[in-house]
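If you read the sequences in order, they're chains A and B. The end of the first sequence is residue 182 by this note's numbering, with every number in the run present. The end of the second sequence is residue 155 by this note's numbering, with every number in the run present.
Accuracy of the hints is not assured; some may be wrong.
[Said to hold, decoys possible] Chain A stretches covered by chain B per the calculated footprint, using a threshold of three residues with CB under 8 Å from any CB of chain B:
#1 45 to 58
#2 77 to 88
#3 101 to 115
[What the hints assert, rightly or not] Sample of chain B residues at the chain A side, in silico, Cβ under 10 Å:
#4 D10
#5 S19
#6 V59
#7 M69
#8 A105
#9 Y108
#10 A109
#11 A120
Simulated from the structure, these hints should not be mistaken for lab results. C-beta: ideal position from N, C-alpha, C; glycine also.
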Amino acid sequence: MADMGANVANWSDLFYGIYPYSWANLGIAFALGFSIVGAAWGIFVTGTSLVGAAVKAPRIKSKNLVSIIFCEAVAIYGVIIAIILSGKMKNPGQLQAADYDKALFAGFAVFWTGISVGLSNLVCGVCVGVTGAGCALADAQTPSTFVKLLVIEIFGSALGLFGVIVGIIQAGGASNFPVANA
Amino acid sequence: MAAVVATGADAFFGYFGVSAALVFANVGAAYGTARSGIGIGAISILKPELIMRSIVPVVMAGILGIYGMIVSVILCQKITYDNYSRYTGISHLTAGLCCGLSSLASGYAIGIVGDYGVRANSQQPRIFVGMILMLIFAEAIGLYGLIVSLILSSS
């Protein structure tokens, strides 16, 4: 398909002319990258409040590491999906014209799976981080509240799980990739 | 004009709809959870006995994430390589955006009402029923988006 991009005349030709595996790889990068951004954002939001509150109440630091671990789990979701998605892609060698349309379908499936998972985990990480910060500050003053505020963080981390579930279903479209013939 | 076989390119719009439903709904749910969570963290210091009653906005925000997941999964099952057209792709995109954007807005409303509502409830317990009513109205607008997107995805 050396000249797929040569006759671009409108938007659909533009979508059609981009190599399908580049869409797919971009999706994998987004799945991992945005998830890690969300996890990192949550960790620093929680971490700053944790260390600030621990100045006057150092007993909270071990228990509230659980909030940090909830944020880390978001990054793990991204890693899992990225590995699953990259396992669905095989090197086609020379992509045949007959396979191009199916490969494009599969490439879009993987791309949007990456966006779904990545952006869901991004907002989930921020949510868990903000809630964890509140939990650390409240725990420093009233220790009995820790477990109940943890319930809110569990609701928050469920959002990342929704992303993983939808991502795995959405990645089913990647079965349209042609099998390796090189 | 290049000879275009529509199916592959139209999956772009269909899967965009799947992602839009999930991601926007999750943004709304995350905002609702985090914003209400801040309020609950604030009241828990002096009134820890009120925490379990005040978790209602968090649960309602989480439901918005489930709306987005429902629409995403329904749309995903309909996107197949055979028998897919530009028309179907764009209508799936619309369905996804309907659910996602309304859940986003609903999540913002639930978050802000929940934040101020739980803080006020900690000072005046009679406010609780009023706060619940406001949260129900805010949740209903997200439900409208779910209903419309289910209608769009089935036609």
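Mind checking the CB of B:D10 against every CB in chain A and telling me if the closest is under 10 Å?
This hint holds: B:D10 lies near chain A, its Cβ roughly 9 Å from the closest one there, short of 10 Å.
Checking C-beta pairs, does the region 45 to 58 of chain A have three or more residues closer than 8 Å to chain B? violated (count 0)
Evaluation of the interface hint that places B:A120 against chain A, nearest CB under 10 Å = Given a least distance of 18 Å, the restraint on B:A120 is violated.
B:M69 as chain A interface residue, shortest Cβ-Cβ below 10 Å: 5 Å, holds
Agreement of hint B:V59 with chain A interface, Cβ distance less than 10 Å: 7 Å, holds
*Are there three or more residues in the region 77 to 88 of chain A whose C-beta lies closer than 8 Å to some C-beta of chain B?*
With 0 residues closer than 8 Å to chain B, the region 77 to 88 of chain A misses the three-residue bar; violated.
Does B:A109 pass the interface hint, meaning its C-beta sits closer than 10 Å to a C-beta of chain A? 16 Å, violated
Checklist entry - Would the hint on B:A105 stand, with a C-beta cut-off of 10 Å toward chain A? => result Since chain A brings no Cβ nearer than about 15 Å to B:A105, farther than 10 Å, the hint is violated.
Chain A contact restraint for B:Y108 - C-beta distance below 10 Å: 12 Å, violated
Regarding the hint that B:S19 lies at the interface with chain A, is the smallest CB-CB distance below 10 Å? 4 Å, holds
Examine the region 101 to 115 of chain A: at least three residues should have C-beta closer than 8 Å to a C-beta of chain B. n = 11 at 8 Å, threshold three: holds.
Hint check: violations occur at hints 1, 2, 8, 9, 10, 11; the rest are consistent with the structure.
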